[in-house]
Every structure is written in C-alpha cells, then in structure tokens.
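Asker: Here the protein sequences line up with chains W and R, keeping their order. My numbering applies: residue 6 is where the first sequence begins, and numbers increase by one. My numbering applies: residue 2 is where the second sequence begins, and numbers increase by one.
Hints may be right or wrong, so weigh each one.
Unchecked claim - Heads up, simulated SDA-like pairs for lysine to any residue below, C-alpha to C-alpha not over 20 Å straight-line:
id, chain 1, residue 1, chain 2, residue 2
1, W, LYS166, W, MET148
2, W, LYS270, R, GLN64
3, W, LYS270, R, THR18
4, W, LYS257, R, GLN64
5, W, LYS115, W, ASN132
By construction, these hints were calculated from the structure, which means they are not laboratory data. Treat the numbers as computed from the prediction; the structure is a model and nothing was measured.
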Amino acid sequence: MVNLRRALLILAVLLFAVNPFTTRAEEAHGHGDAPKTEAEKVNEHIQHHLQDDHYFTLFKKGEEYVGFPLPVILIDNGLKVFSSGKFHEGNGVAEVDGQYYVNYHGKIYKTDANGSLTFDEHHHPTNAKPWDFSITKNVVGLMVATLLLFWGFTSLAKTYKKGSNNLPKGVGRVLEPLVLYVRDEMAIPNIGHRYKEFMPYLLSVFFLIFTLNLLGLTPIGFNVTGNISVTLCLALFTFIITNIKANKDYWKHIFWMPGVPVPFKFVLAPIEVLGMFTKPFSLMLRLFANITAGHSVVMGLIAIVYLFQRELTIPGSIGVSMLLTLVLFFLELLVAFLQAFIFTMLSSLFIGMAVEEHSHDHH
Amino acid sequence: MENRKQKSKLNKWIVFTSMPFQMGVTIYLFYRLGDWLDVKYAVEGGWWTKGLTMLGIVVSLYQFIRQANRIGKDE
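Extracted from the complex, chain R is given alone in its bound form (with noise of 0.2 Å):
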C-alpha cells in the first residue's frame, strides 16, 4: 500500500498540466457572458465585459487552488 502511494504522488502533477486548458476556458467564458451583457443592455464602456473577466480570473484562481489542495490532502 505504501508503494503505491508513492506512485499516485509522481503521477499527480500530470493534473497540472491541465489547468492552463482550465483557467483558460473558465476566463474565456466569463469574457464571453460580460461581451453578450454589454450587447445586449448596450452599456458605454464595457464594463461587464472588464468586471466579468476580471471575476472569471479569480473563479480560475479559486478551482487552480481547490485543485491543489485536493491533489496535496491525499499526501
């Protein structure tokens, strides 16, 4: 059982490698809700678009470290 343990730890960091795809995709649609936003109630300056994307880089941030704390609690 300890062997094994061992092998789940080196095989881990593989889940990083997919979070730049994650972060990604998160901020793209949030990006995406705030541009439909601006169109649709035609606000001056785009500030859902701005206020939304900044709101999806800190949901990508939060599931990034969610992620990270799940992956280090099982060591």
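One chain only, chain W, in its complex shape (with noise of 0.2 Å):
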C-alpha cells in the first residue's frame, strides 16, 4: 500500500512536471522575434550536443561555448591544416594562404574576405565546400574510444601470454567474459562452424558501439553513435561482408527464388534485392535514434532545473530533475548495452543467412 501511494505521488509529479513544458514550449511557438525563452534556449543547446563540431565544447557558460579548438584539415588545392580556433577570430573568416573559409553551422564553406555566404531557396549555403577531412568531436570520440580498447585487449592478450590458466586482472576480468558472450551467444548460434572468420569483426563492433555508448554518458559531451554518419558506416561494413562471403544460396534466394513458379521468380528478384538494402538500413537508423532519442531526453530532463524554478522552486526543480534523470540515466546504461549487443546480434544473423547451407529438403 506504501508503495502504491509511493507511485501514485511520483506519477503526480510527473504529470505536473510534464504538463507545464507543453504550454511552455506552445507560448515559445507563439512570438517569433521576442527575445530567446529559456526553453528555445535549451532546445538549441540539445541541438548543438547532437551535432558533430569542429570545436570541444566542454559547457557553456552565458552565450559562450567553452573548450578548445580542434585542428582543421581541408583538401582544397593542396592540404590545409589550421586550428578551428581561427573560425572564432575577428569576423569569423579563417584565412589560410589567401583562401578564405568559413564555418556555418558545422560545415565549412569556402568565402571571400567578408565572409559572404549565397542561400538557395531552403536556406542552405550555394557556396563551395572543401573536402573536410577536420578531427572533429566525434574524430576525437572515436579515438578516445580505440585507445581505451587498445589498451583494455593488450592488457587483456598479455595475461594470456604469461600462462595459460591466468585469471585476467583489472579491465580483463570485465572483457573476457564479454568476448565469450559475443562468441557463444551471437557468433556460434547465427554463424555456425564458420564463426571464427567474422569474429574479429563482431568483437571490434560490439566493443566500439559499446564504449562509444557508455563516453555518451559521460559528462564530457561525445554522442558519436548517435551520429547518423557514424552509424551508416558501421552499417556499410556489415552491408559489405555479408555481401562479400556470401555463398552460391543466398545469391540466388535473391534473383532466382527456388520453390515457386517461374513468373514469380521475376517478381521476387526486386523486392529481395530491396531486402538487401533494408537491412542494413534498419541497423544503421535504429542504433543513431536509439543514442540521439536517449541524450535528447537526458539533457531535457536536466533541463528542468532551469525551466521550472517558477513553478517547482530551486530545490524542487533540482530534486525532480536529479530524480528522474537517474532513473533514465540507469535506463540508458542498459540502453547502451543492448544497442551494442543489438547491433552485433543483427550482424551476425544477417552474415549467418548469407552464410549458412540449406539443405534442399524442405524447399
């Protein structure tokens, strides 16, 4: 019964917590040159989060971003390495050997002195871009993450290399048993006898999402798989090696589907190879909304501090907030294990069928 009022309470509050965002978020819609409300104000800070940058914000103070400038590199008549810093001098045009750049929401375009941009229609730049081969944030995420697994698996390999009945120590206690659980739970069931050939590749994907996952919730500020771009090419590899080991059946399940009539055969060889496409897709969009769903949320949620000083008092507003950003928080944590774990899963599946050998009988 306890409990049940408990829950009733936190049910309440929630309800309050909730219904006064809305009417909020409505009055912000309402007046469209009025100065910046606290909500827009948080809206484009989440928005600043999800995108990739060419600048470390650490967190912001006033209308300022804090961090540091990372380094810039253009392939644009000749290689062009600058700090990004430059963007953040005088009127905002980077100048290097007489070219001039400009940053405009992210994405570099190259401009004259003055920094004059031309817009099409929908308001996006016609100006030329240089190939942007920058360390950006999400470069630097994914860096981070590789040294962390470097470090983890040689300091794992390296008790091996002593004996073969080691206990792992440190960060290995925590791998190994990982490293078994993609082998026995994803790679032997899905694969088959042919399981060792993919496991490098399922092992470096399921630790990369997975790390990349859990420095998401950090407070240093990386969302590198909630990147679509990052994801897409994390698709692309499983895309191409299912593609690439696939044997003689899955080839033609998909141009000359056995078992039905002839006519059939040419209706089914479309939607197959649409299949084909699909697939990876979904991995692709289900990891990226999965991430940017969850740091949406989290910040909202820490959001409400600012935004409900009025109505919950500071203490409130800071109790509800705490509150209920920890019991996501947790959810993400699981979140981030079973994206990773998702994602190797699918993969593997998916090579599994390109992979496998029917037998004919049941056709």
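Each chain sits in its own coordinate frame; assemble them with the hints.
Answerer: Put into structure tokens, the structure is as follows:
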C-alpha cells in the first residue's frame, strides 16, 4: 500500500512536470522575434550537442561555449591544416594561404574576405565546400574509444601470454566474459561452424559501439553513435561483409527464388534486392535513433532545473530533475549495452543467413 | 549441439525488432517512387503515389512473412 501511494505520488509529480513544459513550448512558438525563452535556449543547446563540431565544447557559460579548438584539415588545392580557433577570431572568417573559409553550422564553406554566403530557397548555402578531413569532436571520440580498447585488450592479451591458466586482471575481468558472450551467444548460434572468420569484426563492432555508447553517457559530451554518418559506416561494413562472404545459395534466393513458379521469380527478385539494402539500413537507423533520443531526453530532463524554478522552487526543480535523470540514466546504461548487443547480434544473423548451407529437402 | 539450438531460438526474436524499420523504409521508398512518377508524368489525383504506397505495404508484409518463415524453419 505504501508502495502504491509512493508510485502515485511520483506519477503526480511527473504529470505536473510534463504539463507546464508543453504549455511553455506553445508559448515559445507564438512570437517569433521576441528574445529567446529558456525552452528555446535549452532546445538550441541540445541540438548543438547532438551535432558534430569542429570545436570541443566542454560546457556553456552564458552565451559562450567553453572548450578547446580542434584541428581543421582541408583538401582544397593542396592540404590545409589550421586550428578551428581561427573561426572564432575577428569576423569568423579563417584565412589560409589566401583562401577564405567560414564555418556555417558545423560545415566549412569557401568564401571571400567578408565571409559572405549565398543561400538557396531552402536556406542552404550554395558556396563551394572543400574536402573536409578535420579531426572533429566525433573523430576525437572515436580515437579515445580506440585507444581505450587497445589498452584494454593488450592488457587482456598479456595475461594469456603469461600462461594458459592465468586469471585476467583489472579491466580484462570485464572484457573476457564479454568476448565469450559475443562468441557463444551471437557468433556460434547464428553463423555456425564458420564463426571464427567473423569474430574479429563482430568483436570490434560490439566493443566499439559499447564503449562509444558509454562515453556518450559521461559529462564530456561525446555523441558519436548518435551521429548518422558513424552508424551508416558501421552498417555499411556489415553490408559489405555479408555480401562478400555470401555463398551461392544466398544469391540464388535473391535472384532466382527456388520453389516458386517462374513468373514469380521475376517479381520476387527486385523485392529481395530491396531487402538486401533495407536490412543494414535498419541497423543504421536503430542505433542512431536510440542514442539520439537518449541524449535528447537526458538533456531535456537536466533542463528541468532551469525551466521549472518558478513552479517547483529551486530545490524542488533540482530534486525532480535529479530523480528523473537518475532513473533515465540507468535506463540509458541498459540501452548502451542493448544497442551494442542488438547491432552485433543482427550483424551475425545477417552474416549467418548469407553463409548458411541449406539442406534442400524442405523447399 | 542441442544446447546451441536452444540458445539460437531464444536470440532469434531480436530480428523482429528490426522489422518495423525495414517495413518503414520499404514503404517509404515505394511512396517516394510513386511521388516522383506523379510529378514526372503530371498525374491527376496522385494515383502512382497511392498505388505504389499500397504495393509497398504488400511488399513489406511479404518481407516480414518470409523472414518469419525462415526463422521458424530453423527450429
């Protein structure tokens, strides 16, 4: 009974918290030219966090983003390397070897000395873009994750080098069961006896996604797996590996489906080809959507501190925000693992479907 | 070997969690194709869009059933 009452109380607080939030949002939409409301500022901040950036933001002080600049690497009539801090000096135009560049919403465009941009009807700049190989925030995130994994797995490997019966120490104690988990729960059941060929890929993908998801939950502010380019690349690898390693049966089931009348074979081929692409596409979309949603909601809940000071008083808003964020944070920890698991699981399943040998009895 | 089969059965349900995405993408692609055809041939009433979106639903259902069958067959 006590539990029920407590649950109802929490529910009431939740409803109370959500309701003014929606009315505020409507208010904010009403007048366009008025100074930004708190809700709009929060929204802007979340959008800024979700996007890749040439500047590593640690936190925001007033209107100013505090952090450090990252190197910009452009290929545009030769290699051009400079610090992204140049975009924050003077009028925001960086001059390198007589060529002017401007950073507009995270994308670098060629421009003139005044930094003028021309826009099309959708308000996208039409200026030419150089090839951008910059070390952006996401690239830094990937590097950090790679180094962490490299360090973790070399220390794990060292314990095996010492002797076959050594127990892993330190971080290896966490990694070893996860490696076995990937092998015994995903690779072997889905792929079968050829599983060893695909273990390096499956392990890399699992640990990379898992580490990046966990890094995303730290206050440093990485959002690597919530970037669609990153998930696209990961899904592309699964797509390539699946199709390169696929056997004759796989292609036969796509282009000349056995066991159906001939006219249907022609109808089914395009549908199956479409399916080839939609499978990795769903991998890409799911990881991206889950992590983006997670980050937005966590940041939105933290924003309760600023948005509901009037309604809940300062300690009240902090308390509600802390409680909700804490609950969601644990959910996000689960999601971090679950998304890595699902990505690897489905990759192994797709690979398994492509390499499995059919016994043609039941067609 | 029996044990392995058992485990694989438990894990196979996960493929269903990616089905909505796949169906969505399929239907959307068919819708875009229809929309493009309607604009290109200036069809009144958008019949390409309507027809191809419906076809997209049928195709996505086919994909769903085929994958479900495939998983069922392994058991």
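Asker: With reference to the structure, classify each hint as holding or not holding.
Answerer: We went through each hint and held it up to the structure:
For the suggested pair LYS166 of chain W and MET148 of chain W, the alpha carbons sit about 26 Å apart, so the restraint of at most 20 Å is broken. Between LYS270 of chain W and GLN64 of chain R the CA atoms are separated by roughly 14 Å; this keeps the pair inside 20 Å, and the hint holds. With a CA separation close to 28 Å, the supplied pair LYS270 of chain W and THR18 of chain R exceeds the 20 Å bound. Distance restraint check for LYS257 of chain W and GLN64 of chain R: the Cα-Cα separation of roughly 16 Å lies within the 20 Å cut-off, and the hinted pair is therefore satisfied.
As the CA atoms of LYS115 of chain W and ASN132 of chain W are separated by approximately 6 Å, the hinted pair is consistent with the 20 Å bound.
Checked against the numbered hints given earlier, this structure breaks hints 1 and 3; the rest are met.
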